[in-house]
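Assemble the complex: chain A is given as a structure, and chain B must be docked to it using the hints.
Each chain, letter by letter, is given below.
2 protein chains.
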Amino acid sequence: MKKSLLFGLLGALALNATAAPTVKIRLPERFRLLSDQRFDLRVEATTLADTNATVQIVINGVDVTASLPAPEITFNNDANAADPDVAWTYRSYSFPNGGVYSAVANVTDASGTGSTTSRIGVQKFSQTGLAKKNYILYIGDAMGTAYRDSGRIVAKSVNNGFREGFYDDWQEMDKMPYTGMVMTYASDNITPDSANTATAWATGNKTINGTLNVFVDNTDSKAAGASSGSANKIYALDNPRVETLWEYLKRLYGYKAGIVTTADVCDATPAGEGGHTLFRSLLKDIAKQYVDGIPGFTSGPEFDVILGGGMENFNQRSVANSGDTRNLPNELVGLGFTYVTNRTDLNALPGGASAPDKLIGLFRTGNMNVAFDKLGYTRPSDEPTNTTSGFGGFLDQPFLDEMTAKAIATLNKGGSNFILMVEGASIDKQSHPNNAAGVIWDVMEFDKAVGVGRSFGTNNPSQKNSSTLICVSADHDQSMSIIGAVDVTVANAVANTRSQSKYPRTITLYDPFIGNNAAPSNAGNNVGEVSGFPDYTMGVNGYPANTNRYQICVGFRTGNHTGSSVPITAEGPGAALFNGYFDQTDIFFKAAKVLSSSTSTIDEFQKAVSKLGIVGQNY
Amino acid sequence: MKKSLLFGLLGALALNATAAPTVKIRLPERFRLLSDQRFDLRVEATTLADTNATVQIVINGVDVTASLPAPEITFNNDANAADPDVAWTYRSYSFPNGGVYSAVANVTDASGTGSTTSRIGVQKFSQTGLAKKNYILYIGDAMGTAYRDSGRIVAKSVNNGFREGFYDDWQEMDKMPYTGMVMTYASDNITPDSANTATAWATGNKTINGTLNVFVDNTDSKAAGASSGSANKIYALDNPRVETLWEYLKRLYGYKAGIVTTADVCDATPAGEGGHTLFRSLLKDIAKQYVDGIPGFTSGPEFDVILGGGMENFNQRSVANSGDTRNLPNELVGLGFTYVTNRTDLNALPGGASAPDKLIGLFRTGNMNVAFDKLGYTRPSDEPTNTTSGFGGFLDQPFLDEMTAKAIATLNKGGSNFILMVEGASIDKQSHPNNAAGVIWDVMEFDKAVGVGRSFGTNNPSQKNSSTLICVSADHDQSMSIIGAVDVTVANAVANTRSQSKYPRTITLYDPFIGNNAAPSNAGNNVGEVSGFPDYTMGVNGYPANTNRYQICVGFRTGNHTGSSVPITAEGPGAALFNGYFDQTDIFFKAAKVLSSSTSTIDEFQKAVSKLGIVGQNY
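Going down the list, the sequences are from chains A and B.
Take the position in the first sequence, starting the count at 1, then add 380; the result is the number in my numbering.
Take the position in the second sequence, starting the count at 1, then add 380; the result is the number in my numbering.
Bound-form chain A, shown alone:
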């Protein structure tokens, strides 16, 4: 570090720096990469004497400027027209080896040289001599601690399965042997959204809220209000990019890549695997990136499997709404994809050697309907009534576990290795308006999808457990708390304490002088709150009904995301790395380490732990 810093200072001091250019490299402070992982090195110079300024790039003390491909050079990037500025964007740069790199940018104009240095940590990635492993990442959107628990409390209390405080059985995701806690902050906010969090696990780097796999630059003010049909969207699509693990493994190692979601497939969480945009709202541009890639950066189609909602972004394109009139599903079919649009056709797809080579399934415009509604259940009175019209004409939508099974069959056809993201999207989308039934039944749908992956991991003869890493986590938390149980036969019983409602209790400000016997009051319950355990009964399709007397009682503090850490569980090779507290970006580097290492030593660990097994609850 000191050496490169010295070079940077020498560069700055070489000329009179009194009015030297102001130089920025648009990378985060703790920028981290894999070897050969592509990113755009953007150098911005402002406060220039003129725009004849020149740039010099020095990597680890070596001037590499002449050997770099020509950069994109743009002028008057920022909003200040009076101040000359230049930006040089070197697209698709990468480092071939592991280690810490110093990148110095020196910009020289008539008034002098300005300089800046970025330090970049690079983790070596190579599969030479290794058996390839698959990677399935499950994301329950907003599935923080209480959300995970709520699914277990409802699903595993069926038939008195939850009594005396113990369960007869746990959720699939609870049974995974390793757990960690993931810190989810955005680069500009304690409280993240689904775009920057997806960027974290997909690229190993944080960005700002609402942004997918790019970093900010000084054209962003010109992008304000950009839509997929607007001219100014170019300023949201030109930002310095960083390659995702899905793109990387497909480009360099021949992996099949897939995304499965109950949201619009261009929504933030799935787009995190292949979208590059300042604004997550540019859905139709994201769809286009899926099909075309980004010339010179990623090559399209970016995915071998795309399953979910958002059909309109592919087949309802117009010059006004997207700038083109392409029919993307048709194009994908021309490129060897099988295209399905309903559950019946999806589930009829053959498996094994007859599985599709590539698969796109778009089952609805917008986000898909939630599990509770797909099951035909009647929503509680404080949630939207489920009517046939609520399905927008898309009455035959698959469940997430069904989509996951077909995704794996396609991606793994012929023993191909693959990377797959599966999202339970409406845990979040139903939590925003505090719809508890919508939330909790989607946790259960998500867990069934986890079960599909776990069965593949442990039961697939050709892949076996030793070759598929499975992680289950959330992108961020929301504000749900598990209050207890409620007796719904009580008149006006409240099962879902919304963020707009007060929680009824007598409060006494704690006076430490009074001491223990006058401890702070915790009196006060919503109507119908009771002790004991829920007594759900089985309903349709392996899901509990919601017609029992004692139900879970939850509360929401806001309708927004929160800044808590979220659990991660892991299983399969190298899963033991997913332990302890760590940052969300580490999911990327841990997964990459598993995929590029022999994990046999640490995989022996679970056996050693099992030998120290404690007396079980169900002896």
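I should point out that these hints are in silico values taken from the structure, not numbers from a laboratory.
All clues given are correct.
The list makes no distinction among identical chains, and a pair is therefore deemed to hold if it is satisfied within one copy or across any two copies.
In silico DSS-like links for lysine-lysine, alpha-carbon gap of 30 Å or less: (1) K504 x K991; (2) K504 x K404; (3) K793 x K512; (4) K404 x K602; (5) K793 x K504; (6) K555 x K793; (7) K987 x K504.
Just chain B now, kept in the frame of chain A:
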């Protein structure tokens, strides 16, 4: 199992069972023990023809009745005086070996024989041939996921230490290598309290809310309203008991045992290590148990170190309030204890070979004051004003880390092995009335105490890391959410969203028909909510001040406990066992397994994981 079940059925069928006695063994369904761990086997017979009934105890098919010590035999136990009933309580029973035991109770009266069977899982415990290990269990009361995070966000954002979503440093408890998620349910409730949760980790078994290390019996209705000064308290103190790990290790293996808390030392969490009562409110009886033990079950003094509040339970005893006029501190001094009552005297205690042999420190009546107030900070306007009178005359109270250091010095004197529980109590007590500053500064105080234990574990030459297991967890969660950041210079800024306040936002019930572009509204913020990160500055005694502009913004949904899982972090020998989702009772069996096993094989694992280390954030 089948064999013993058959024996039970044969017993029941041996006589005419038409009007046979109704028989209960007062143990939970999934009762688990260590070998030699004491419990009371209570057999209750009701619907008797008369009270001349006799009992037969059959263990694994063998009639052991004649070989058992005489039971306590009591009549008319339940509230139904017209129905003859008898109970036989075999005190301090245990099983010598590991395995699954079947305990059959047959009760015979003139009308026949009634029978019941309990199955009991027993985990073998032995330290033969092993180096002894210490065990420190840290409990942040109510320190669920968001609470742990809040301490980090405030403490580690000082001096711009939290920027671009990364920290320069983490909390002590965040740095521990292993994490698990703990399910905390009571045996009668999704939402637990601190008594039954302490029973879980202290004895390996759940009980009902409010109850410490005993199970319910049929005299409980007579105990209603019992206080430490009442006659009916005998019905709350006679319940079937189960031995705690603190009592067990002291009795059988010569461990020193300690409890340290910022609460009353007779409050539920510390009392979990040595109290046995249906009602946690019997504080003065708990204090008496600490000193005397329970004849025939535990021998007193139960602890070698007791530090915290609750002075009045020891030195303000009267016949009216407790049934005796003893001065318990004086008695303990007579038994070799050193007694201190303020911070100055505590911190003046010598260490090393001159440390006290045994130590009781009572620094306040009731619960001790919280960190925020001990630091002399000014509370936000919506929290109680901190005044000198709020300290009740106890102006010289130690911090939790200071108490922890002295506890370890005493317990470990001369290299003694020990078991210690350290509680950060007011994380919970301040969360009940939604006092955010009170909560968060107590998380920081707690983390400093964790640091003391970690330094001992890794730095003590005679003990070293390899001999001290350290776990950090919570008993249960509460409802706090991390909303984000708030600019307190905004007029009427809201940093602490209480459970009695609505959260301001425009809500749109989610209509899936409208789809993605009309996603559920997440608009609406409290006054002053902003993006970005807090900017705390350092205040007094290594704690942040609370005078900065950008502060953490939290919300509470209720003033009560919630039913979420809580994180656990672990370090030291065998810490790798504390991984995955598990029940809170497993903390007991995992810790016991570590203390009774060679953990060298699994301890090697951490080294193997380190070899696969990823590129760090602070390269």
